[in-house]
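Protein chains in written order, with this note's numbering: chain A, 1 to 364; chain B, 1 to 261.
Calculated from the model, a selection of chain A residues having no Cβ within reach of chain B, i.e. all distances over 10 Å:
| # | residue |
| --- | --- |
| 1 | P77 |
| 2 | G109 |
| 3 | T291 |
So the derived label-pair ranges between C-beta atoms look like this:
| # | chain 1 | residue 1 | chain 2 | residue 2 | range |
| --- | --- | --- | --- | --- | --- |
| 4 | A | A311 | B | H174 | 43 to 49 Å |
| 5 | A | D129 | B | K25 | 35 to 41 Å |
| 6 | A | A233 | B | G60 | 33 to 39 Å |
| 7 | A | H196 | B | G157 | 49 to 55 Å |
| 8 | B | E180 | A | S205 | 41 to 47 Å |
Don't read these hints as lab results, they were simulated from the structure.
Quantities reported herein were computed from a predicted structural model and do not represent experimental measurements.
Note that beta-carbon positions come from the ideal geometry of N, C-alpha and C, so glycine has one too.
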Amino acid sequence: MKGNEAIAEAAIRAGVDAYYGYPITPQSEVMEYLMAERPHLRTGMVVLQAESEVASINMVYGAAGCAKKAMTSSSSPGVSLMQEGISYIAGAELPCLVVNVARGGPGLGTIQPSQADYFQATKGGGHGDYRLIVLAPNSVQEQADFVSLSFDLAFRYRTPVMILSDGALGQMMEKVELPPQRERMTAEEIEAQYGHWATLGKPASRERNIITSLKLKAEQMEAHNLHLQRKYAQIQEAETRYQSLRCDDADYVLVAYGLSSRICQKAVDLARAQGIKVGLLRPITLWPFPTAPIAELARAAKGFISVEMSAGQMVEDVRLAVNGLRPVHHFGRMGGMITSPSQVLEQIKTLFLNPQASLNGGAH
Amino acid sequence: MSASHDSDTLLLEDIIRPENLVFEKTACLTDNTLSYCPGCGHGTAHRILMEVVEEMGIQGQTIGIAPVGCSVLAYDFMNVDMQQAAHGRAPAVATGIKRVMPEKYVFTYQGDGDLAAIGTAETIHACNRGENITIIFINNGIYGMTGGQMAPTTLAGMRTSTSPFGRDTEMMGHPLRITEMVATLPGVCFATRQAVHTPAAVRKAKKAIQTAFELQRQRKGLSLVEIVSNCNSGWKMMPRKANDWMEENMFPFYPLGDIKK
Ligand SMILES: Cc1ncc(C[n+]2csc(CCOP(=O)(O)OP(=O)(O)O)c2C)c(N)n1
Ligand code: SF4
Numbered sequence: 001m002k003g004n005e006a007i008a009e010a011a012i013r014a015g016v017d018a019y020y021g022y023p024i025t026p027q028s029e030v031m032e033y034l035m036a037e038r039p040h041l042r043t044g045m046v047v048l049q050a051e052s053e054v055a056s057i058n059m060v061y062g063a064a065g066c067a068k069k070a071m072t073s074s075s076s077p078g079v080s081l082m083q084e085g086i087s088y089i090a091g092a093e094l095p096c097l098v099v100n101v102a103r104g105g106p107g108l109g110t111i112q113p114s115q116a117d118y119f120q121a122t123k124g125g126g127h128g129d130y131r132l133i134v135l136a137p138n139s140v141q142e143q144a145d146f147v148s149l150s151f152d153l154a155f156r157y158r159t160p161v162m163i164l165s166d167g168a169l170g171q172m173m174e175k176v177e178l179p180p181q182r183e184r185m186t187a188e189e190i191e192a193q194y195g196h197w198a199t200l201g202k203p204a205s206r207e208r209n210i211i212t213s214l215k216l217k218a219e220q221m222e223a224h225n226l227h228l229q230r231k232y233a234q235i236q237e238a239e240t241r242y243q244s245l246r247c248d249d250a251d252y253v254l255v256a257y258g259l260s261s262r263i264c265q266k267a268v269d270l271a272r273a274q275g276i277k278v279g280l281l282r283p284i285t286l287w288p289f290p291t292a293p294i295a296e297l298a299r300a301a302k303g304f305i306s307v308e309m310s311a312g313q314m315v316e317d318v319r320l321a322v323n324g325l326r327p328v329h330h331f332g333r334m335g336g337m338i339t340s341p342s343q344v345l346e347q348i349k350t351l352f353l354n355p356q357a358s359l360n361g362g363a364h
Numbered sequence: 001m002s003a004s005h006d007s008d009t010l011l012l013e014d015i016i017r018p019e020n021l022v023f024e025k026t027a028c029l030t031d032n033t034l035s036y037c038p039g040c041g042h043g044t045a046h047r048i049l050m051e052v053v054e055e056m057g058i059q060g061q062t063i064g065i066a067p068v069g070c071s072v073l074a075y076d077f078m079n080v081d082m083q084q085a086a087h088g089r090a091p092a093v094a095t096g097i098k099r100v101m102p103e104k105y106v107f108t109y110q111g112d113g114d115l116a117a118i119g120t121a122e123t124i125h126a127c128n129r130g131e132n133i134t135i136i137f138i139n140n141g142i143y144g145m146t147g148g149q150m151a152p153t154t155l156a157g158m159r160t161s162t163s164p165f166g167r168d169t170e171m172m173g174h175p176l177r178i179t180e181m182v183a184t185l186p187g188v189c190f191a192t193r194q195a196v197h198t199p200a201a202v203r204k205a206k207k208a209i210q211t212a213f214e215l216q217r218q219r220k221g222l223s224l225v226e227i228v229s230n231c232n233s234g235w236k237m238m239p240r241k242a243n244d245w246m247e248e249n250m251f252p253f254y255p256l257g258d259i260k261k
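If we strip away everything but chain A, and leave its shape as in the complex, we get (with noise of 0.2 Å):
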């Protein structure tokens, strides 16, 4: 199944509600497979064609703040689009899912993949003090697994999660172990789970429920960020994933996801062959980011790599990480372009087993 298929159908399976997008390559299929599909008969999940990204991640806004399993799917320049949307959402505390299944930019870019929307995903993306649980999936099995996993901890946070998936891993065709049928929930199920909060139609037992990222007064803000700021502390606290392979003895980390993380794998295996003891460090959660696992590497490896389809931006936060402890280098290519595993190892000699030539550049 493709990456983008898998989304729809683990949608449809994860018991989502709704699906509001606009179609852009390369995740054009994700609503393709929806409409071909009918959910609407199948679970009774609403899917529809909106008239641009803004109205899309409105419309999730909307259904969200009926506490309904809402979500949309786009790329690079749409998820742009949704910025001031998706900072509405995370000031309201509603739950939802945005999956990003990125492309080259800036600009229109190009429809290649590209892992150059970390900034964006991870460090607010629209304005205001705010932060997205980001979920970086590296295969199709895990495209189809983090739907559900989403709406799991946008409900339990009332936040916002996005799912940065790439161009490639969007059209890879791969074997995907679907989940069993998840029950949409009934309306009697979210007006007992959620109607202290959700706009349902107010019944004369409570106050009416005002869905709202408003407070004029300074000190009401501030309180209503304080209180963002704690829930964020804890999803840190409790949410970080991160995959370790082969760290324990390593000299060396790369620390990569989502597709770089697969090609950084095979990088891995061609240098232990070699005699080079290199790990493989891969953020599932991009944020929270696994600051604390990074930082305990530190101690023992002599030297770090961020590999990304990108000028380097998760490699600050590697950075962050490492604080100074060890060097910390960016490979990667731009555009559209992907690293190969070879390219990865001869990185790694370069910059760690030759160091003439690092010092001649060639690391970023």
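Since the structure of chain A is provided, determine the placement of chain B with the ligands on it from the hints.
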């Protein structure tokens, strides 16, 4: 009841007694003090909208969308579940809600900047899809909240803070009759233009809102009630003068009455 006082002094509590009441505020409005300027049409529009909700007995099934604009705090006054939408996006938010809860009544309440400038795409496409929602559109020809800048509906020659020498249509475009525009779309079942500056106008406007919600009940598509209103602060006129000016200048360009029924 009255505390100790001279028997010939009439206190407020002597006047406000159940037997003296001739008018009662609908329970669908909260007791919060309206934040609008004295004389502004927003307050009256709120009242008749909420009266309709009460009279139809749909308070528990109604979800409203407040815009960005002077009526951003509509949720402080309207006693129904409400969502506050980003500037211009209320029809998209309403679509998102109505699609997952088609049995509820969903309305947006929007100003002209919100509906006819930044949110034009959302307005037209919600209309074109025939979303089964009701849009209450307050057209005061100006951006009230941000301090009286030019709106798409600002009349030709009208002075605002961003058209200080009057709207020059060659430079700044023409005032937009968006209700006439969307009335051409098959998804719109009812488009009307009303006002709330006189008791007679208020009665008519309320009827129009009733019709709009009734059509929503019958799932007929999108109903839009435009209310031409004053913005005495933005227009820099006393309320009375603003109403006269509205009749003389706004109504000829924005004629009242049903556009599509
Ligand atoms: C994206 C965005 N752009 C601009 C603004 C600033 N803004 C707030 S209200 C408003 C105009 C509102 O005018 P209108 O819709 O006519 O409503 P009124 O205040 O007159 O009732 C503007 C431009 C904003 N809040 N968000
Ligand atoms: S600024 Fe204008 S629209 Fe806003 S409350 Fe005052 S009179 Fe009404």
